[in-house]
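From first to last, the protein sequence lines are chains A and B.
Counted from 1, the first sequence has number 94 at position 94 by our numbering; the numbering is strictly sequential.
Here our numbering runs 1000 ahead of the position in the second sequence, where the first position is 1.
FYI, nobody ran anything at the bench for these hints, they're computed from the structure.
Hints are supplied without guarantee of correctness; some may be wrong.
To be verified - The calculated DSSO-like cross-link candidates involving lysine-lysine, where the alpha carbons are at most 27 Å apart (straight line), are:
| no. | chain 1 | residue 1 | chain 2 | residue 2 |
| --- | --- | --- | --- | --- |
| 1 | A | Lys-242 | A | Lys-121 |
| 2 | A | Lys-38 | B | Lys-1027 |
| 3 | A | Lys-320 | B | Lys-1027 |
| 4 | A | Lys-252 | A | Lys-242 |
| 5 | B | Lys-1083 | B | Lys-1098 |
| 6 | A | Lys-121 | A | Lys-230 |
| 7 | A | Lys-252 | A | Lys-269 |
| 8 | B | Lys-1027 | A | Lys-34 |
| 9 | A | Lys-38 | A | Lys-230 |
| 10 | B | Lys-1098 | A | Lys-34 |
| 11 | A | Lys-242 | A | Lys-269 |
| 12 | B | Lys-1098 | B | Lys-1063 |
| 13 | A | Lys-320 | A | Lys-119 |
| 14 | A | Lys-38 | B | Lys-1063 |
| 15 | A | Lys-195 | A | Lys-230 |
What the hints assert, rightly or not - Residues of chain A placed beyond 10 Å of chain B at every Cβ, according to the derived structure:
| no. | residue |
| --- | --- |
| 16 | Val-29 |
| 17 | Lys-38 |
| 18 | Lys-80 |
| 19 | Ala-306 |
Stated by the list, open to error - Output of the computed footprint for chain A on chain B, the stretches with three or more beta carbons under 8 Å from beta carbons of chain A:
| no. | stretch |
| --- | --- |
| 20 | 1019–1026 |
| 21 | 1083–1094 |
Since we're looking at a predicted model, the values are computed, not measured.
Idealized CB from N, CA, C, for every residue including glycine.
Here is how the chains run, residue by residue.
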Amino acid sequence: MYTQALDMQSADAAPLDEAALEQRFLSRVDAEEKIEPKDWMPARYRNTLIRQISQHAHSEIVGMLPEGNWITRAPTLQRKAILIAKVQDEGGHGAYLYSAAETLGVSREQLIEQLLSGKAKYSSIFNYPTPTWADVGAIGWLVDGAAIMNQIPLCRCSYGPYARAMVRVCREESFHQRQGYDLMMHLAQGTPEQKRMAQEALNRWWWPALMMFGPSDANSTHSGESQRWKIKRFSNDELRQKFVDFTVPQAKFLGLAIPDPLLHWDEAKQQHEFGPIDWTEFDQVLKGNGPCNAERLAARRSAHAAGAWVRDAASAYAEKQRRRSAALAA
Amino acid sequence: MNTPLQDSRQWPLYEVFVRARGGLDHKHVGSLHAADARMAIDHARDLYTRRQEGVSIWVVPSKDITASDPAESESLFEPARDKIYRHPTFYEIPDEVKTL
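Isolated chain B (complex conformation) (with noise of 0.2 Å):
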């Protein structure tokens, strides 16, 4: 791709995710302005890990991420709603019955 070289102020934007210590799982933590992937990972290093919150780094381009849409959230979760039987609380066990 012959694209002309992208203007410095609009670097795109990166959204950051960090690993707060071996085995959890990354956390969003906010976003940032990169010319790369690369860069933007460094950027991360400097602007969210600064107190050592961090062991690992996940960046992801803000336009590649699909959200879903606040206006439709209510349809969107309505349906695990009315579906109480999937919780274990449920269900009442006599307290005789031990470790279920």
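For reference, chain A alone in the conformation it holds in the complex (with noise of 0.2 Å):
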């Protein structure tokens, strides 16, 4: 990934007017060519990419709070060992994020300290609480499944970076995706007690994963612009819809229930149709009034705050360096 941090050549040597550039931008997203750091771009699409970029970089880092909980509770070493490689996936995730969108001129730092300070936005997903082992499967299959859904079509997304980091993050993804539901199946296949476990985290986890895909395509504020400028390519609709038909059979074959009454297939549409969505819920989780957002981010500032003096450290360690090479060179 190119950064801000990059020799900037003379711009604008010969300037063109807006319209013009603009013009010669939109028929290149046109032609499906990748836009680079460098290359001219309109400002609202170099804003839309840094706020959508960096709300899926928090969103990756608080991903890591809800299972890290459970590193230590896992019931066996393999299942530790592989919530572990997960949570680290996670945060690596963050990092090729936050590198993506540094390219469009904001500084770590400042994505950073949008986050502690509770400015920023992140997936409203990780403000339940995880209240069981279940969960942790849970989360891979329905959480990791519905992030695989709004991810793949990222891959091809118009800005180079963005689409780049996307390739490797979905690449690790499905490994979480199958072992929440490698998780979920020897709870469904074990004991009527570990069963009923796997139904409830299902029950907990079933319309928060609906809602990932964000508001119905009718309530989008940001979805126009974005498919114009093929960053998006399917609608929030359109991949709730895909995510549903591809994870009905999923929870069939498991032996669990989906919570949902009207949830049945529709013979004409060849589509499933399903109960409608409490987005009063949403919002209020949005709004920083679900179960577990003060909780999320006071762990995320204690985690920053106690990992100061090894980031001091590891500075000072440089720095040492630096002078003793610096003294043997004179």
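Two independent chains are provided; combine them into the complex using the hints.
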């Protein structure tokens, strides 16, 4: 990923007017060319990407918390190793995405500050609690499953650094979903108590997972332009529908019931019809009133503060090495 | 040089290149912040090679890379455009001439 720290050469040698530049930009997007950091782009495109990529990065970082919570209590050593690997991946995804956002001219420092101050948004899903081990399985299966549905089209997004980061993310995300389903399968085929635990986790995560696709198309404020710019390839409702159609048979295989009395197969439409989503809940969680909003931010802040001495020590060590090699050279 | 202790929040950016297997070129895979080059290698190991993606890593301070200007790419690459005789397919060789 190229970055804003790259040596910028004399820009605007022969300034074209804004409209001509935008026209050229749009025809490149239409031709499925990738836009790279140093290319001209409309300010709205840049700002939309900064908002979307940084929210995405924050979501990966905060997403480490609900599952990290279970690392010390995983039932077997293997499950523990798997969970550590998954949580580490989420941290890595955050790092790829922060780098991609930085190519647009925002600094890492600003991004972290926005997250810690509570100013930045992140996916509402991570403000729900993980009371049982089965929640770890449900997150992998449903939350990562929904994330994949959203992220696969982003691999073809018009902005090069974001698209390349997403290719890497998607490759790893598949492991996340499969380990979650595998965990659910073991519980669903286990004792009646284990199966009940799996069912309860599905009940908790089903609706929040559907909300991950964002507001329905009629109320989505950012969709139009994002689709024109090929940042977004499918609408929220299209992706949500696809997720339901993929997931219903998976639940059936587990012998678990989707918590929606209105869910049924529509033969004419060749898709599953499902009940209405409680958007008041979505708005509340997004506004910061979800079950764990305060807890998540507090955990992030304390991790950041507790790690300060490590960062300072690394800086001091690097400085000492620099001085030593300078003294040697002198 | 007696520079003040750098703020860890402003660690420089490094571009990371990974050689996937012996015999292949190092390929750009992404970037990361680190206090120094040594730490950049360690972080690159954790960030870009968690699944045996590489056998060798290069890191380069991003500020040391000079890139061509996209606004001038047309004039920069134009000279090669009309020199199609540089490609072997430019030359028509009769079928009966073999192994050429």
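Hints violated by the structure (listed by number, smallest first): Numbers 3, 10, 12, 13, 15, 17, 20 and 21 - these are the hints that the structure violates, sorted from lowest upward.
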